[in-house]
Amino acid sequence: MKRTVFYDKHIALGGKIVDFSGWEMPIQYPAGIVKEHLATRRNAGLFDVSHMGRFIISGAGALDFLQYTLSNNAAALEVGQAQYTIIPTASGSAIDDAYLYRPSEDEFLLVVNASNLDKDWTYLNSFAANYDVQLLNRSTEVAMIALQGPESEAILNGLIEKGKLPADGRNNISQITISNVDIFISRTGYTGEPVCFELFIENAGACAIWDALIEAGAEPVGLGARDTLRLEGSLPLYGHEMGDDIDGNEMPLYACPLAKFAVSFDEVKGDFIGKEALQKQANAIAEYKDGNFSNKAIVPRTIKTIKLIDKGIARAGSKVFAGDKEVGYITSGTMVPYWIIEGELPDVTFTDKTGNRAIGLALIDCELNKDSDITVQVRNKQIKAQIVINNLKGRKPPVALPVV
Amino acid sequence: MAEQGLKYTESHEWAKIEGNIATIGLTDFAIEHLGDIVYLELPEAGDDVTAGTAFGTVESVKAASDLNSPLSGKVTEINEELPDNLETLQNSPFAGGWLVKIELSDASEASKLMDCDVYEEYLKNQD
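These protein sequences, in sequence, are chains A and B.
Using our numbering, read the first sequence as starting at 1 and increasing by one per residue.
Using our numbering, read the second sequence as starting at 1001 and increasing by one per residue.
Keep in mind that the hints are not guaranteed to be accurate.
[Stated by the list, open to error] Subject to a maximum C-alpha distance of 20 Å in a straight line, what follows is the list of computed SDA-like cross-link-like pairs (lysine to any residue): (1) A:Lys353 x B:Ile1021; (2) A:Lys381 x B:Glu1041; (3) A:Lys260 x A:Arg230; (4) A:Lys396 x A:Lys384; (5) A:Lys381 x B:Asp1047; (6) A:Lys307 x A:Asn283; (7) A:Lys384 x B:Gly1005; (8) B:Lys1016 x B:Ala1030; (9) A:Lys381 x B:Thr1057; (10) A:Lys311 x A:Ile214; (11) B:Lys1062 x A:Gly239; (12) B:Lys1062 x A:Lys162; (13) A:Lys311 x B:Asp1084; (14) A:Lys319 x B:Ala1063.
[Stated by the list, open to error] Which residues of chain A face chain B? A partial, calculated answer using Cβ under 10 Å: (15) Leu13; (16) Lys16; (17) Ala225; (18) Asp227.
Hints were generated in silico from the structure; no laboratory data involved.
Yeah, the Cβ is synthetic: ideal placement off N, Cα and C, and Gly gets one too.
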């Protein structure tokens, strides 16, 4: 079993350790999943995400290499920016979803899922010989933490000694120094929070930064709440909303609504793995928008955000029905808490009241929409559910608003 | 810590038997292991329950777990306010967090349940 550089911190904080893709990671701290979720939405949550993979791709051919092996347009990334991207299969599914950062002209950082790290590394290296490119796996040398939530920015500003936070707006990156430790920082995250940061720190200085952030008021958050936060934000998790489906068949990437932000057919990008299949999927999805489902065989089922109307909780694997007809299944689902918030952005006030609601993501027939009557089978009962646009509005800073 | 005078199941329910009526609940061990409880589904008064089979469900953020009846009989009363006051279940599993009361159909089933000391010994072998 592997441990991140923060393992002793997790133990000292009372973290409950579980095996996650071969890593000993905290599923929760003594506060528990619900309180950790709420602390992130109201204040700031601190997450150890060092189990994820961090690859440095450099050299004169780095851009061409990334344009061919990834789905997004890496050339659209200016130095100091990041983008969501996919490692596609030739058939238009996903080997993994990833984040690509461009800290300098000929150097890129690719962050991949812990569960896919070895697979991604082997796969990407199989193309490296064709390019003037160097791949370096720095996953165990560089720590990665996420600081997410409305108070994150004030916490960081109170600690910065040198440098500035990235410019406002998602996906910007910069260099800062805290406690004499250099930090590569981005406005990215996996919680749906509009104010969000991820920090990359050489191992030697990482624990000092962790301590400083906790001292400044950030709440430690485990993998349990990381999952409920991303689910509330309708963010996909590889292996659930992407990759293989419940029957072990490849899911077309465009089944996932976020795919359209991660795939580019720009001329500059040229050919890339999976392009032909992905173009067909993109065309089919565009037709669906006009109510034309004549090519529905290409992406038969799509991921929809749902909420439960009747009492009960939908879980991954629960069957979804429209009338008597089975139309798909729940890919992720649980009960998620929220703060009752008064006022409108940006002048909102958190009350001390909280609620919770059962929500989920479902892979269901692409023709279904918010007016469709659907039910989820929970044990032996059919529970009424509804397709919704979202369960969280996280575009406008400083607060992500629950949709209830 | 489990309480003396109650009977226990391997699936961490307790039963307090008073005459022909048993009050059923979940142990503090179960509560701690479930984590945050977010949903509780209880039967209705008048429902029949059978020893060792599910009469309801308790759900945490991570998972759903069956509530198994320690004894057989008919539900006479449920803790109606509990599903909307789950903190009572978390904070007071042996008192205010009781789940249902049942009228026993076979009082001899109680002899198959664990006493407090046996249950505490049993817990030592749980993770």
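We went through each hint and held it up to the structure:
{"no.": "1", "hint": "A:Lys353 x B:Ile1021", "verdict": "38 Å, violated"}
{"no.": "2", "hint": "A:Lys381 x B:Glu1041", "verdict": "12 Å, holds"}
{"no.": "3", "hint": "A:Lys260 x A:Arg230", "verdict": "18 Å, holds"}
{"no.": "4", "hint": "A:Lys396 x A:Lys384", "verdict": "31 Å, violated"}
{"no.": "5", "hint": "A:Lys381 x B:Asp1047", "verdict": "17 Å, holds"}
{"no.": "6", "hint": "A:Lys307 x A:Asn283", "verdict": "28 Å, violated"}
{"no.": "7", "hint": "A:Lys384 x B:Gly1005", "verdict": "43 Å, violated"}
{"no.": "8", "hint": "B:Lys1016 x B:Ala1030", "verdict": "17 Å, holds"}
{"no.": "9", "hint": "A:Lys381 x B:Thr1057", "verdict": "13 Å, holds"}
{"no.": "10", "hint": "A:Lys311 x A:Ile214", "verdict": "37 Å, violated"}
{"no.": "11", "hint": "B:Lys1062 x A:Gly239", "verdict": "17 Å, holds"}
{"no.": "12", "hint": "B:Lys1062 x A:Lys162", "verdict": "41 Å, violated"}
{"no.": "13", "hint": "A:Lys311 x B:Asp1084", "verdict": "12 Å, holds"}
{"no.": "14", "hint": "A:Lys319 x B:Ala1063", "verdict": "16 Å, holds"}
{"no.": "15", "hint": "Leu13", "verdict": "16 Å, violated"}
{"no.": "16", "hint": "Lys16", "verdict": "8 Å, holds"}
{"no.": "17", "hint": "Ala225", "verdict": "8 Å, holds"}
{"no.": "18", "hint": "Asp227", "verdict": "8 Å, holds"}
In terms of the numbered hints stated before, the structure departs from hints 1, 4, 6, 7, 10, 12, 15, listed from lowest to highest.
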